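Visitor: Sequence:
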Amino acid sequence: MFSKFISVGDKIELQAMVRENEESQGTPGKVYHSTVHDIQSEDTIEITMPMEKTKLILLPVDSEFEMVFYGASGLFQCLARVIDRYKSNNTYILLLEMTSNLRKYQRREFYRLGCALEMSTRNLQDEEVETIESRQPYTLSRGLPLKQSVIVDISGGGLRFLSSQRYEPGSLIYCSYHLMNGGEHKKYEVISRVISAIELDNRPGTFEHRVQFYDLDPTVREEIIKYIFEEERKNRLKKKYSSQQ
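Under my numbering, think of the first position of the sequence shown as 12, with each following residue one higher.
Don't take every hint at face value.
What the hints assert, rightly or not - Computed cross-link-like contacts, DSBU-like style, restricted to lysine-lysine with a CA-CA straight-line distance of at most 30 Å:
{"id": "1", "residue 1": "K250", "residue 2": "K237"}
{"id": "2", "residue 1": "K22", "residue 2": "K237"}
{"id": "3", "residue 1": "K249", "residue 2": "K198"}
{"id": "4", "residue 1": "K66", "residue 2": "K98"}
{"id": "5", "residue 1": "K15", "residue 2": "K237"}
{"id": "6", "residue 1": "K198", "residue 2": "K250"}
{"id": "7", "residue 1": "K98", "residue 2": "K22"}
{"id": "8", "residue 1": "K15", "residue 2": "K115"}
{"id": "9", "residue 1": "K245", "residue 2": "K22"}
{"id": "10", "residue 1": "K41", "residue 2": "K237"}
{"id": "11", "residue 1": "K237", "residue 2": "K115"}
{"id": "12", "residue 1": "K250", "residue 2": "K15"}
{"id": "13", "residue 1": "K22", "residue 2": "K64"}
{"id": "14", "residue 1": "K158", "residue 2": "K237"}
Stated by the list, open to error - Ranges of calculated distance between the beta carbons of each label pair, as one might list FRET restraints:
{"id": "15", "residue 1": "T59", "residue 2": "S175", "range": "50 to 56 Å"}
{"id": "16", "residue 1": "E138", "residue 2": "I94", "range": "48 to 54 Å"}
{"id": "17", "residue 1": "T102", "residue 2": "K250", "range": "28 to 34 Å"}
{"id": "18", "residue 1": "V72", "residue 2": "H44", "range": "18 to 24 Å"}
Derived by calculation from the structure, the hints in this document are not laboratory data.
Bear in mind the structure is a predicted one, so any value in this text is a computation, not a measurement.
A virtual CB, placed ideally from N, CA and C, is assigned to each residue, including glycine.
Put together the whole structure using the sequences plus the hints.
Guide: Listed below in structure tokens is the structure:
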């Protein structure tokens, strides 16, 4: 599958997904440029070590990246982890393991993880909306009724969820859910802008919503992306193990 779309020599962009140590000389959001050196298998590839001017960027083993390949048939995206680095025939090489499936890439689109996570939601009150949209410091009202919803996919930019409550497109809503963070369940409370609300044909009274996070703290976004990355890697390992049985 991988080798059908990606070839030796294709250009690559790598974007750091998690914080790295100082050795990496990189920060979240930093984009590095490289090329495909060799395709070892459908799960591992060699790429040339990124450079800035004439300086090699020694991305560390176990660092994780979102990769965009400029293939002959278009742009493709996947997640990957550095598993080794070495020199071969005077070329500095990074060996990477793919930790997600390859898929078509749309710029400005975050990687989405399919899931089934419980979430509580509610409409914001008028005074909350006014304060939030004016970019003023705010405290959300507590004790207001919440509707139970189910997140069906999540990304660093927003999420899709099902609810018996229909939220008006364009409105701001409160979303509360838990994700694994550092081995513990951490509560996230975010404000989201409703993009769409569609009643499901096969489930009357149930609405599928797409929302975009509104003015999300960069640290929170990074934690969400890290969670997605870790879950995708777990899923991939489970599939590998199952195929070996």
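Visitor: Look at each hint and say if it fits the structure.
Guide: Status of the hints after comparison with the structure:
no.: 1; hint: K250 / K237; result: 20 Å, holds
no.: 2; hint: K22 / K237; result: 25 Å, holds
no.: 3; hint: K249 / K198; result: 26 Å, holds
no.: 4; hint: K66 / K98; result: 15 Å, holds
no.: 5; hint: K15 / K237; result: 29 Å, holds
no.: 6; hint: K198 / K250; result: 29 Å, holds
no.: 7; hint: K98 / K22; result: 20 Å, holds
no.: 8; hint: K15 / K115; result: 13 Å, holds
no.: 9; hint: K245 / K22; result: 28 Å, holds
no.: 10; hint: K41 / K237; result: 16 Å, holds
no.: 11; hint: K237 / K115; result: 21 Å, holds
no.: 12; hint: K250 / K15; result: 21 Å, holds
no.: 13; hint: K22 / K64; result: 17 Å, holds
no.: 14; hint: K158 / K237; result: 27 Å, holds
no.: 15; hint: T59 / S175: 50 to 56 Å; result: 52 Å, holds
no.: 16; hint: E138 / I94: 48 to 54 Å; result: 52 Å, holds
no.: 17; hint: T102 / K250: 28 to 34 Å; result: 32 Å, holds
no.: 18; hint: V72 / H44: 18 to 24 Å; result: 20 Å, holds
Checked against the numbered hints given earlier, the structure satisfies every one of them.
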